[in-house]
Structure formats: structure tokens, C-alpha cells
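In terms of the numbering used here, the sequence shown has 411 at position 370, counting the first letter as 1, and numbering is strictly consecutive.
Bear in mind the hints are in silico, worked out from the structure with no lab data behind them. There may be inaccurate statements among the hints.
Said to hold, decoys possible - Distance condition first, Cα-Cα at most 30 angstroms in a straight line; then the derived DSSO-like pairs of lysine-lysine:
#1 K490 - K503
#2 K490 - K96
#3 K164 - K490
#4 K490 - K385
#5 K503 - K385
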Amino acid sequence: MNSDSWFTDHPPSERWPHYTRANAGEVLPTPASPLGQTFGFDHGILVGFQQGSTKTGFYELDEYRDSPPEMCGFFGGYFYINLANVRMQAVRNPAVTIEQLDMAFFGEHPDVPPYSRHHDDEKPHLQPLADAHMNFVLTSTEWPELTDDRAAMAHLRANRPDLGSLSDQELLDRANTILPMLVDLGSKHLVASSSSGIAPGMLAAVAAAVEDDTIPMRLLAGLGDVDSAAPSYAMWAMSRQIRASDALTTAFDEGIDGLIGRLAASESDDARGFLSTFVEFLTEFGSRGPNEWELSAETWETDPTIALAAIERIRFQADGQGPHDRAAALAAEREELVVEVRDKLAALGDEQLAGMYEGALVGGNMMIFRERGKTNVIKAVHEARMAFRELGRRHADAGTLGDAADIFMLTVDELQGFVDAPADWTQTLADRSLDWRALWDLEPPFFIKDGHVPPLSEWPQKGEQEVDALATGDVLAGVAGSPGVIEGTARIVLDPTEPGDLGPGDIMVAPLTDPAWTPLFMAADGVVVNVGGQISHAIIVSRELGLPCVVSATDATTRIPDGATIKVDGSSGEVTIISLP
């Protein structure tokens, strides 16, 4: 491996030279495999992102270079969002300031590169398109196309052929039929995702007027119908099955290893009922899992023990701590606050601000649409994943691959060559796998500024940088995520597949979260995350499930001692150390 770069890395954009791992870390926390990057992103999702950006009225296609995609980037194998490009949504949108957009993405992060004007930044001729898009954002309570896409993805999964019976070429052909889907679904997800920061920014102006900076966070809680939270509700129902059954409780008490086999061998009706429900769950939600955007990653379908480990933790929560109850309470509080703020604005007599407020309330639906669009993308990615996994499995069995996962060391342009002559690739892919795994040990820069990408030889190894642990009485300042105050035991969880003893009364402290973490939210009473802004996954899901949450609590996983008693104030964004373990 070249010590300066990874062979699939992008050249930095000259037009938009600032990049960030903020929010990007939720998409791909680890380095992308060559196939995951080139197939899933470079030829699929990112092409859709750039097409979708033009639908917002803030971009034109001829602003982008031809290849590779410019709206995001890959450096050292790690995925980055192009910060300078994203800022055009504020530069070209009079309703949102750069400061508000930065807050939505980064919170109070101290190293955010300042905005520097470029002569091509202003594009007044786009204003009618931008106005039309803003009208869509601030008036849309439904987005039928996303619902249609959800049905199409369900149909794609239901009609998956017996992959083992397909030839190598047929497997590749099936994967290739998914590429245009990724472009189309990526386009819609970009529109929803980029638009989800509009409502928080507008509500920040309302909050300033009524002198209550907790308003944006509280008004965007309890929205309901968040797709990435849906599997959690299903897991909650299964956890209640376990609590109500002596046979299931005994089976889970014996551990996750071999659990499915024990249940299958059981003569208990409860065991058969649970397995039937679990199979349906995997059919519906099997595409989800840690690092689910990455083609090579395990998911709940490919490794069901990941889902079972989460259910095993959730089962210890009391019935009254269910997500439906928590979400209902937040929704009720939100409705009261809507009226309260409306009355305050009426007293101020500012009709323009009152109109902005009503539009922002509707604009909050973009957070729901964002999660729906993401879920649709993930389901398409998963169908390609399953085809490639079958290709890898059979060639590992045949000895033309040293490991089934080596199939993901190919690039999209090499797939046909592999299918035509697989034995020619054995050593190349094995060598790439070793080099790729070395990238996992590196700590990527949080920001890449002015197009300067430090050579990989200068990237620190993960865990090298020491930080001072917090002491009793210390306060770690983050960004308010989801309302409420909770005191409990800090449990540092670095991997959603290994939740440890996380349970009732605990507060999960995580480096970042993606939908694979969502079930663990129900096993805990609060959430603290190292990174994230006002539209991060942790916030959206915490609000849906009714958990106090603080994000952008820098180095929380290393500064907060595991087992410490902490207080999380989701309304102020403060995490206080009450006592040490």
C-alpha cells in the first residue's frame, strides 16, 4: 500500500476544498471496502446525491467535475462530506445562515473551518428553484414517492431469487440492476437529508425571539413514523414475548451462542412463536446492522446474533419503559409547546416570524423523510450485498478466493474480469485485504481543510491520543439533542454488537450511532454521543423513542469513566459527573 494514500481515494475538490467526518461517520464509521466505495457510492449513491442536489435549487450539475463525485469524498478509505459544498445551502438560501447550518452539522465543534467566499458561490438565477424547494419543504406533510420506493424495496426483497442457483454472471447481472436504483434512491435521500437542517435553523430564530434556546430540540421531538426506529418497536415486542415466557427467558438466560438452535429444538409453543416472529423480522429488517451502508459489513440477516444481542438487553427493561409510551409522552409535550410558542409569537406581533414558525413545524417532517429515504437506500444496498456474498462464498469454497470477504476487494470496474477469470485475482485480492484492514487502525482527521489531505503515514493510530478523564463535579458540554434529564450509570459502548451489561438505569455513551445502534437506545435510559449535530441519527431516534440525549460531547467515550454516575441534561446539552465508580 502507498503510505500516502489508498488506491481508491478521491482527489480533493479544487472548487470546494473543505471536508468533514461529521455525519459522514454515521454513514461509514470504518474504511469503505473497494467494492463498497466504487460500486455502492462512486457509481451509485453519490451520483444520485449530485443529481438530487440540483432538485433543491441550490446547485447546478455543471458545477461538479465529471468524475469522481464531488459532493462527498473518500480519503484513506474513509467517507467524508464536502463541507464547503454543503454550505451552499446556506449561502444560496436566505432563510438559513451559515452559522445555523454549521450548528446543525457540528454543534459547537471548535475546529470548524471558517467560510471563505468563492466568486461562484452566489447564483441568483437559481432563486426561483430554491424558493420552490423551500415551499416544498415548508408545506409537505407527505412524500408519496418515498412511500412508493419503500413498497418497491419490499418487492425487491420478497422476489429475491435463490442466489445459490444463479451462475456467476447472473449474480453480477442482478447486482448491476441495483445500481440505477441506488442512483435514484440516493437522489431522493439527498433532498430529504439536506433539507432536514432547514427546520432547526428556522426554529433557532424563533427561539432567539422568545428567549428559549431549547425550543428547536423540543419541537422536533415526538414527530412519529421514523423508519429507522421501526425495528426497535418490533424488537420491543419480541422482548415482551421473552419476559412473558419462562421457556424463552430460560433460553435467553443461557446466552446468545446457540440460541436459535436451542429454540428450534424446543417443544415449547413460545419458542416456535418467537422463531416465527424473528424470521419475519429478519425478512423485513435484515438489511439493517452496524455499518449497513458498507457492502462488506454483516447485517441482521447475515448474522442474526447481532439482533438477538440487542433483544437480549432490551428484555430487562420494565414494561412501562416501552418506546410507545415514551414517544407518546414526548408528542403530548410537543403539542403543548406548539401552542405555547404560537401564543408568544402572537404577543410579539411579528407576522413574518410567526409565518416562519408555522413553516418550520411542517419542515420538521424532512427528518422523517430523511430516515425513510435512508432506509430505502439501505435495502437496495443489501440486495447487492447478498449477491456479492454468494459470489464470494462459492469462490472461497472453490479455492479461488482465500476468504469469501475478499470479493469486496474488487472495484466495480474489475467485477467482470473476476467473473471471467476468477483464479487470476486470488493473490491480488488477498494482498488488498491486508492493506485495507490496516486502514481500520488509523484515526482519520475530523476535518480536511483547503484540500490538504495528510499522508496516511502521518495519521495517528486509533487510541494513541490521550485525553484527561473527567472528575466528580466536572461538566462536559455538548449539544442538546432530546429533552429530559436523567441520572444513571455510564456504560461505554464502542460496538453495537457488544453492548456488555447495558441495561435499565444505564446511560449509553457511544462514539457515534447509526440505525444499528437504535435497539440499544431502548436498553438504556439516556444517550451521550461523541459527535453529531442537530440532525444526527442519535438525536432523531432519541426524540422518537423519548430518551434524553446529548451529542457532540467531544471525547465522551474516553473522558467519562465506565461505571461513573452521570447526569444527562438533554435540554441544555450538559453531562455532569456525579460520582466515580
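- prompt: Given the hint that K490 pairs with K385, does the C-alpha gap stay at or below 30 angstroms?
  reply: Since the Cα atoms of K490 and K385 sit roughly 42 angstroms apart, the hinted pair is violated (cutoff 30 angstroms).
Pair hint K490 and K503, alpha-carbon separation not exceeding 30 angstroms: Holds, at about 21 angstroms.
query: When you check the alpha-carbon spacing of K164 and K490, does it fall within 30 angstroms?
result: Cα-Cα ~24 angstroms, so holds.
query: Within a Cα-Cα threshold of 30 angstroms, do K490 and K96 meet the stated pairing?
result: holds, 27 angstroms
field: Straight-line alpha-carbon gap K503 to K385, limit 30 angstroms
entry: At roughly 49 angstroms apart (the allowed maximum being 30 angstroms), K385 and K503 break the hint.
This entry does not satisfy hints 4 and 5, going by the numbered hints stated previously.
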